[in-house]
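S.K.: Make a model of the complete structure from these sequences and hints.
Respectively, the protein sequence lines represent chains A and B. Heads up: the first sequence runs through residues 536 to 997, numbered per this note's numbering. Heads up: the second sequence runs through residues 20 to 483, numbered per this note's numbering.
Don't read these hints as lab results, they were simulated from the structure. Virtual Cβ for every residue (Gly too), placed ideally from N, Cα, C. Just to be clear, a hint being listed does not mean it is correct.
To be verified - Short derived list, chain A residues pointing at chain B, Cβ under 10 Å:
1. Leu542
2. Ala546
3. Leu579
4. Ala580
5. Val589
6. Gln605
7. Phe614
8. Gly727
9. Gln843
10. Ala852
11. Phe878
12. Leu887
13. Leu909
14. Leu986
15. Thr987
16. Ala994
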Amino acid sequence: MSDVHDLFRLAADYAAQFHDTLDERPVGPRASYDELVEALGGPLADEGSVDADVVSELIAAAEPGLVGSQTGRYFGFVFGSALPASVAADWVASAWDQNGFSVVTSPAAAAAEEVAAGWLAELLGLPDGVSSGFVTGAQGANTTGLAAARQHVLAAAGWDVARDGLAGSPRIRVLAGGERHVTIDRSLRLLGLGSSALELVRADEQGRMRADALRDALAGSGGPAIVCAQAGNVNTGAVDPLGEIADACEAAGAWLHVDGAFGLWAAASPRLRHLTEGCERADSWATDAHKWLNVPYDCGVIFCRHPQSHGEAMAVAASYLQRADGRSPSDWVPESSRRARGFAVWAALRSLGRDGVADLVDRCCGHARAFADLLGAEPGVEILNDVVLNQVLVRFDDDDETTREVVGRVQADGTCWLGGTDWQGRAAMRISVSSFRTTSEDVERSAEAILTAARSAAAAVG
Amino acid sequence: MKDLLGLTADYASQFLGSLDERPVRPSATVEELRAALGGPLPEHGLDETQVVAELIEAAEPGTIGIPSGRFFGFVIGGALPAAVAADWLTSTWDQNSAQIGPTPSAGVVEEVALAWLQELLQLPAGVSAGFVTGCQMAHVTALAAARHRILERAGWDLARDGLQGAPRIRVIVGEERHVTVDRALRYLGIGSAQIELVPADGEGRMMVELLPDALAGGDGPTIVCAQVGNVNTGSCDDVTAIADAVEGTDAWLHVDGAFGLWAAASPRLRHLVAGSERADSWATDAHKWLNVPYDSGLAFCADPEAHRAAMSVQASYLEQSDADAARDQMDWVPEFSRRARGFPIYAAIRALGSTGIIAMVERCCGHATHFAELLGAEPGVEILNEVVLNQVLVRFGDDDALTQATITGVQQDGTCWLSGTVWRGKAAMRISVSNWRTSDDDVERSAGAILEAAARAAGAVRAQ
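M.R.: Next up, the structure:
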């Protein structure tokens with residue numbers, strides 16, 4: 536197997552060198568689309584190639600088109616990085632190539648998920664006895680949580696959706712904040728609930744659902760209802776008032792689902808936990824592990840207070856609760872055959888420990904505040920949101936064009952990477968801090984690059 | 020980092036290099052694994068090299084030898100070394116492969132791989148594709164596209180109005196379709212009562228002569244699901260006859276080809292899946308017969324507009340590509356943030372080339388035939404299926420208990436691993452050959468172990 540050893544060593548040496556040089560690399564991609572097509576494309580070859588050549592060529596061709604989400608100065612979207620221990624564990628998962636379908640297809644994958652799910656539920660302050668599933672991301676987690684909700688609220692109305700489907704079923708009301716994440720709409724569509732079933736509840740200027748508006752909307756509603764709350768708005772980082780929302784749902788008998796792709800991780804920090812207070816009263820929770828826990832893509836987690844409804848919505852067969860040999864991982868997710876996602880999560884939690892996770896979350900939020908301080912001190916630069924978590928919205932000269940120009944110049948400069956957004960009708964730069972690698976120096980260097988871009992943009996636009 | 024990853028690489032090559040001497044079954048129970056991996060949530064961190072060493076020590080005994088050439092359980096497939104290495108790069112680069120703008124390399128490899136796969140699997144030019152987690156989500160994707168299109172034809176706006184109040188959809192499937200089809204329909208809000216079964220023949224193929232009557236037996240928006248590669252027998256539906264029956268109706272034809280669709284890559288086996296190219300959508304796995312690491316599946320669609328309408332998403336902060344100018348990966352799958360699944364697929368196809376893929380598929384089928392010959396020659400051993408592809412069903416002493424005891428005996432022995440099934444009411448051993456690594460020697464060693472286990476099981480029964 537020395538060929539395989541050489542191949543794997545080649546990959547390992549390259550990966551180590553890639554990580555070691557992150558600091559010197561531009562954060563944005565360097566190659567254009569056409570250059571990448573030229574480098575990677577071509578007709579389907581008849582003959583194969585030596586493995587080491589394939590890997591070397593892939594590296595040479597693809598690397599210029601990578602985005603440096605692994606660096607400490609990537610602030611685009613809410614991406615997260617990957618902890619070394621979780622990368623290595625993910626490599627082991629690929630080498631073992633376990634199918635995390637069931638206890639039979641991989642006892643190790645099943646056990647690792649069970650242990651990691653227990654640790655996560657504790658870390659996130661969720662109730663004892665929640666069921667859990669390791670999915671591809673918060674999109675899959677929202678789909679799973681809302682499928683469980685659909686099952687549950689229709690069963691309560693005397694309708695068996697698994698048997699009779701949605702055509703002809705009692706109508707389900709779905710209520711979500713005006714600033715919910717788009718994955719909610721997408722999950723609902725997949726589940727056969729159209730946009731007309733979705734009632735938007737007014738959000739405040741930070742993007743938080745107004746609990747009073749929810750109460751009004753739910754008043755007099757007796758039928759099946761699902762409420763989607765949010766912990767961590769994708770632009771501002773704001774968290775809905777979950778305690779008041781839980782009160783309203785309880786009074787109306789509605790299912791409460793919390794989309795906490797990254798915001799739910801505030802619960803892992805004693806200093807930030809107050810933000811997600813009340814969250815433990817929900818019926819289902821969706822979050823990502825590939826974002827703030829910093830495991831490699833892709834990995835999300837769904838938790839549910841109602842294992843019966845969760846299982847009925849998702850399980851392969853009806854025997855899901857009676858499995859003698861233990862928890863079958865695929866009974867709680869939309870996938871059947873699947874990657875053993877538990878290993879990387881286990882390794883991340885083992886390498887950080889409870890205090891390491893809290894520190895990671897606190898540190899990212901501290902960096903976000905530092906960004907707001909550094910940028911906000913500059914004349915003409917406005918911070919649009921209350922920086923409560925890891926997100927910062929920045930606007931330049933109160934002007935859409937200037938703001939977009941600054942974003943474009945920062946991306947072209949390559950010191951750091953971030954994107955733009957449109958916040959309540961105004962263009963903004965969007966900074967998200969979610970990497971374990973980000974240091975104070977990264978923040979300072981990046982803030983400087985942003986301000987330099989702002990000055991040159993003002994000159995150009997002005 | 021260098022030490023950590025170097026150690027991991029050394030371990031991985033040593034692990035794969037020692038497969039020949041390891042029992043294929045797991046050597047630890049779930050209880051033992053819980054004890055080894057579990058314990059309270061750790062308060063403090065741990066050095067990463069130590070973490071990985073502990074993970075390997077605790078979890079390895081609970082792994083099953085899927086990478087081994089003598090793993091014949093389910094239809095699982097191994098992982099080509101180049102695909103494993105590319106999967107490592109995928110984890111290392113950690114690209115969020117949602118959109119081509121922010122992660123161009125991840126987007127471009129999918130485009131390139133799409134074109135190669137379309138050619139390999141003999142699908143029509145211009146098909147769209149989504150790189151999903153596996154055939155389960157490929158069904159979800161393709162059937163969502165189907166749901167969108169057939170309801171639109173019925174004048175219903177699914178995206179706006181959902182299924183509540185919509186015309187009732189009929190889904191016509193073969194009696195021996197895979198359970199993932201039912202599961203996908205359940206997610207999509209189509210209930211089991213909406214599924215109409217067409218009886219299957221002795222090999223599990225839909226009895227196509229009954230399909231026209233089934234289609235005529237109701238009205239409304241209709242989806243027909245055909246299967247190429249029954250999970251037990253490997254048999255393929257007569258897709259030409261199915262496509263003929265569907266043609267001229269408004270029904271959507273979906274093909275479940277989790278592994279069977281790969282027969283299309285082989286000029287010798289292609290006849291098995293003839294007619295598949297006439298379908299509206301196809302679901303298959305890459306982690307099975309293409310031998311890339313878990314998880315990886317593919318949804319193809321001959322109606323890209325319906326495919327995209329069923330999956331795509333808009334949001335202000337995404338700064339999306341112009342749909343006509345570039346392909347955003349997430350517009351074709353149920354996922355949003357996602358692993359860059361294109362890299363290992365790309366590497367697998369590059370490493371093998373089309374001739375290598377054809378050879379791998381044909382070799383696996385040859386091994387299955389060899390199994391059937393070696394085992395079927397033994398008195399009391401019956402091969403229950405026509406071995407047309409990579410699946411073999413074996414029954415011992417025409418007896419459920421003896422067959423089950425033989426399977427258990429083989430699993431415990433550890434030379435190879437396979438599992439049981441119930442085929443048309445009879446217990447059977449199920450052998451699936453889908454690993455690039457499997458050699459003639461693996462087949463012979465395994466057949467020997469199976470026959471020994473059968474003899475032991477028969478001896479135990481006689482002794483009772």
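S.K.: For each hint, tell me whether it holds in the structure or not.
M.R.: We went through each hint and held it up to the structure:
1. Residue-level restraint check for leucine 542/A holds (minimum Cβ-Cβ distance to chain B is 5 Å; threshold 10 Å).
2. The interface hint given for alanine 546/A holds, since its Cβ lies 4 Å from the closest Cβ of chain B, which is under the 10 Å cut-off.
3. Here the hint on leucine 579/A is kept, as its CB sits about 4 Å from the closest CB of chain B, short of 10 Å.
4. Interface restraint check for alanine 580/A: the shortest CB-CB distance to chain B comes to about 4 Å, inside 10 Å, so the restraint holds.
5. For valine 589/A, the interface hint holds, since its Cβ comes within 10 Å of a Cβ in chain B; the closest pair sits about 5 Å apart.
6. The beta carbon of glutamine 605/A is positioned within 10 Å of a beta carbon in chain B (closest approach about 6 Å), and the interface hint is therefore held.
7. At about 5 Å, the closest approach between the beta carbon of phenylalanine 614/A and any beta carbon in chain B falls short of 10 Å, and the interface hint on this residue holds.
8. Checking glycine 727/A against chain B by beta carbon gives a least distance of about 3 Å; that is within 10 Å, so the hint holds.
9. For glutamine 843/A, the interface hint is violated, since its Cβ never comes within 10 Å of a Cβ in chain B; the closest pair sits about 16 Å apart.
10. Annotation: interface hint on alanine 852/A holds; nearest CB of chain B at approximately 7 Å, less than 10 Å.
11. A cut of 10 Å between beta carbons decides the hint on phenylalanine 878/A: the least distance to chain B is about 6 Å, and the hint holds.
12. Given the 10 Å rule on beta carbons, the hint for leucine 887/A holds: about 5 Å separates it from the nearest Cβ of chain B.
13. Hint status for leucine 909/A: violated, given a least beta-carbon distance of 22 Å to chain B, over 10 Å.
14. Interface hint status for leucine 986/A: violated, as the beta-carbon distance to the closest one in chain B is roughly 22 Å, over 10 Å.
15. The interface hint given for threonine 987/A is broken, as the beta carbon of that residue sits about 22 Å from the closest beta carbon of chain B, more than 10 Å.
16. Taken as an interface hint, alanine 994/A does not check out: its beta carbon lies about 24 Å from the nearest beta carbon of chain B, beyond 10 Å.
Consistency note: the structure conflicts with the earlier hints numbered 9, 13, 14, 15 and 16.
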